[in-house]
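Engineer: Chain A is already provided as a structure; the job is to place chain B on it using the hints.
Chains as they are written, first to last, in the working numbering: chain A, 1 to 153; chain B, 1 to 700.
No wet-lab data here; the hints were simulated from the structure. Take the hints with a grain of salt, since some may be wrong.
Simulated restraints, written as ranges between beta carbons of each label pair [to be verified]:
no., chain 1, residue 1, chain 2, residue 2, range
1, A, V65, B, T532, 19 to 27 angstroms
2, B, M304, A, T98, 55 to 63 angstroms
3, B, T61, A, G82, 49 to 57 angstroms
4, B, D51, A, T98, 48 to 56 angstroms
5, B, V32, A, G34, 51 to 59 angstroms
6, B, S16, A, G82, 42 to 50 angstroms
7, B, G397, A, S123, 46 to 54 angstroms
8, B, Q434, A, V65, 48 to 56 angstroms
9, A, G34, B, G397, 47 to 55 angstroms
10, B, S406, A, G78, 39 to 47 angstroms
11, A, R46, B, S406, 36 to 44 angstroms
12, A, G82, B, S406, 20 to 28 angstroms
13, A, T98, B, E567, 41 to 49 angstroms
Calculated lysine-lysine pairs in the DSS-like style (CA-CA distance at most 30 angstroms, straight line) [what the hints assert, rightly or not]:
no., chain 1, residue 1, chain 2, residue 2
14, B, K650, B, K461
15, B, K296, B, K174
16, B, K334, B, K221
17, B, K101, B, K209
18, A, K144, B, K553
19, A, K31, B, K535
Just so it is clear, the structure is predicted and the values come from calculations on it, not from any experiment. Ideal Cβ placement from N, Cα and C applies to all residues, glycine included.
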Amino acid sequence: MRVVEVWLGQLRCAIAVMAIDEVLPIVEARKLAGTPDWIIGIARLRGSFVPLLDASLICTGIPVVRTMNARAILLNVGAASGAMRMALLVDRVGGLLTIDFDAAGTHPGIAGAGRGVLTNIASDSAGDIYLLDCAHIVDDEHRKLFRDAIGCA
Amino acid sequence: MLENKTQGSSIQFRSSILARFILLGVLPSAIVVILLVVLGNLRSRENYRRDREDLMRHTATEVAHMVGEENESATDLATFIARSQESGGFGRLTDTVPMLKALLETTRSITAAYVDYLPTGTGDAPVDPNLPGAFNAAGRFTPYVFRDWTKGNAISIKSSIDQDTSLWFGGIRKEFERTGSRSARITEPYIYEGQMLLEQTCPIIVDGKFRGVAGVDRSLKSLDESLRRAAGDIGVDGFLISSGRDTPGFERSPAFIAVTTDDVDAGQTNTAGLLRTQIVRSTPYADIFEKMRTSKVATTEYAMDPVLRERCLYVTIPTSFGGWTLILRISEAKMLAPVWSQVYEQSAQGLIGLVIIATTLVIPAIQIKRRVRRAVDIADQIASGDLSTTIAVRQGGDETESLLRSLNTMAQSLQTIVRGVKQATVNINSTATQLAATAREQDGSSQSLGASTTQIAAAIKEISTTANDLSQLMEKVDECATGTADLARDGRQSLEGMTTAMQSLDEGTHLIADRLSTISEKASSINTIVTTITKVADQTNLLSVNAAIEAEKAGEHGVGFLVIAREIRRLADQTAAATMDIEQTVRHMQGAVSAGVMEMDRFSEQVRRGVGETARIGGQLSEIIRQVEAGTADFRQVAEGMKAQTEGAKQISDAMGQLTSGAREAVTAAQETCRAAAGLQESITGLRSGVAIFRVNESA
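Bound conformation, chain A alone:
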């Protein structure tokens, strides 16, 4: 499986290449009232309004440190309620890797971690790496919230 290596603090994760539209520098977003902290807000990327989420806060409980290495990853993920674009804020982006997550499989130790988005774990010469399942980061309720917010933007 071809993935892009990302770092959430000290946590090494992977995002499938096919889910990624573009990697961008860190962007500003407009906060949505009444939303949890991991929803940073609505950002304008390439002329479109997309929700900006803090992947580190989701997976590790520690927000992304906004250094020069921080990146916004523009995703296009599908779900039963339709495809949706969103952006994940990460601490750092590594390189492209080929990781066989199917061979490693799931691990009971990470079940439910990071709102259930860390689905698989594998290892390579650089250590353990977790697969970040972008399609399940937000549930249908939040999707509807984002669509409403984008429609009003």
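Structural biologist: Same frame as chain A, now just chain B:
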């Protein structure tokens, strides 16, 4: 550094940007264009082939339907005549002949109409002299009413012949006797009086007995013309073949009824040799047409033509009536000939498009390759410390030219900074050397001052101890006072020289502090440039990640570009690492400068303190000299003022104690100045070794 330079200048062609543009841009484009042209041509060829096949099937269907209708119409006329004879017309000779004439006059598609009775068929009717031509020589009623083409198609009548040996009579009679069939049938074609004819003939059955036949003739000329017209419209050959029903002893079949080509034996003038006068099995088409006419439905097939000796398309269809078979034929090469011009045109368009694509891809690739090579060369030179090289870059342009301009600007800025640092180190070194020499001189002077004050103190002590015996030792006292005044003058002169040296030292210290401040400002400028380079490297890194992702999404076609993205990212990482090295070097330089500034501040403070002390000692020494000189002038009155002399000696002793203490402090200050100068020289040596790796254009 030298290794990097070697690697940067020895990139093999297969790893170069130009090769990757050709491999990933021109070559795939060429393959796509060639595939599009080839597939387009194949698709056009197959579409044209299908269109031609459809057209031939459509034409064959129309012609077969037309022929079938004509067959049915002619056969209906023959049946009509026979049934009218059976329904009371049989034997009514004077009514039969006009009816035949009237039928011929009203039906343009037939060339003759006839009835033919058996020799006993006329019953009791005698030969009617009013019906000339309706009876043969034996008195048999055989009227044959026809269009006489020798008389301008005027309707004539004559008696029929060869009844018993021909199909139209003998064959019909034999078939009725064999099968009892009363149906009309169409005979095989034959030549009669120079025309190819077909006969539609029907038996006349009265009271269950065969009494004769009735029928109509059709010339094949019209059928032949119709076939030629239809086939000619679409450029094909046509063959109309009869039903192939054999009647033993009367006819051979199947035979050609109409054809649009008589190419059995080209140049033959005898009509007997023409194809349309042959039965099929006697021609080269025997095998192929016999097989095709067995189908009861329309068929399309390709086969080798036995006459044309090339592969042909055959469309075969049975007529709707009469059991005939229509075959249309066209050479495959002739059929597809118009396609080739389109193939040539599309190939030429594809070739032109390929040339345009190659040109538009290769020219920018060559330009980018040259600029990147120049950027690599100047980066190698900067990395090796050679900042003297510049690149000629025009204004505007793309990112590569912007990169070259940035490298130029960076090299020029670094060159200016390093040149300033080098010059500053030279100046500081010179000043430090002067400072060290001055400090050594000051040390010597201070030690001399110490010795002098010691001698003065001894003299004063001697004066004090011999104060009571002054009268006897006045001359010695006078000499000692004079010597004391001389020594005090020497000490004052030394102090003035030391003060001057101290002031020079203070000015040098301020100059060094100013130079170090300039170096610190330049180092800050370098930090700004390094920050800019770091941002560019970070943006390049971001671009390379996105390029790698897009290449990954492109699948097989993006593999090569993925390698390029990886190389770009490696270059960005190397740039970031080099930037960090520069930043580290600048930081070291700034640290050395800061240490130098602190040392200079401390040294300046000590110098200022030394100057103050020297001034104060100078003042006290002047006072001593003045008092000693005043004492010398009054020695003649010593006897009267002994007490005052004793008091003055005491005061001199106190002043000399203070002078001794000041001299020791001056020695200490001079030694500290020496140590500060040594520390300053050590810092300058470190600074010079730091900037020695940079080579700059000394002429600038």
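Engineer: Against each hint, give a clear statement of whether it holds in the structure.
Structural biologist: Evaluated hints:
In this structure, A:V65 and B:T532 meet the distance hint of 19 to 27 angstroms, their C-beta atoms being roughly 23 angstroms apart. A hinted range of 55 to 63 angstroms holds for the C-beta pair B:M304 and A:T98, which are about 58 angstroms apart. Checked against the hint of 49 to 57 angstroms, the pair B:T61 and A:G82 passes, with Cβ atoms roughly 53 angstroms apart. Taking the beta carbon of each, B:D51 and A:T98 are about 51 angstroms apart, inside 48 to 56 angstroms as hinted.
Against the hinted window of 51 to 59 angstroms, the Cβ-Cβ separation of B:V32 and A:G34 comes to about 53 angstroms, which satisfies the hint. As the Cβ distance of B:S16 to A:G82 is approximately 46 angstroms, the hint placing it in 42 to 50 angstroms holds. Distance hint for B:G397 and A:S123: a CB-CB separation of about 47 angstroms, consistent with the stated range 46 to 54 angstroms. Remark: the range hint 48 to 56 angstroms for B:Q434 to A:V65 is upheld by a beta-carbon distance near 53 angstroms.
At about 51 angstroms, the CB distance of A:G34 to B:G397 agrees with the hint of 47 to 55 angstroms. Separated by about 42 angstroms at the C-beta atoms, B:S406 and A:G78 satisfy the suggested range of 39 to 47 angstroms. For A:R46 and B:S406, the Cβ-Cβ distance of about 27 angstroms falls outside the hinted range of 36 to 44 angstroms, so the restraint is violated. Restraint check, A:G82 to B:S406: a C-beta distance of roughly 45 angstroms breaks the suggested window 20 to 28 angstroms.
Against the hinted window of 41 to 49 angstroms, the Cβ-Cβ separation of A:T98 and B:E567 comes to about 18 angstroms, which falls outside the hint. With a CA separation close to 9 angstroms, the supplied pair B:K650 and B:K461 stays within the 30 angstroms bound. Restraint check for B:K296 and B:K174: the C-alpha separation of about 28 angstroms stays at or below 30 angstroms, so the hint holds. For the proposed pair B:K334 and B:K221, the alpha carbon gap of about 28 angstroms is at most 30 angstroms, so the pair holds.
At most 30 angstroms may separate the alpha-carbon atoms for a hinted pair to count; B:K101 and B:K209 meet this at roughly 27 angstroms. Distance hint between A:K144 and B:K553 is fulfilled; the C-alpha atoms sit about 29 angstroms from each other, no more than 30 angstroms. Among the hinted pairs, A:K31 with B:K535 is consistent with the structure: their alpha-carbon atoms are about 28 angstroms apart, no more than 30 angstroms.
Violated hints for the displayed structure, listed by number in ascending order: 11, 12 and 13.
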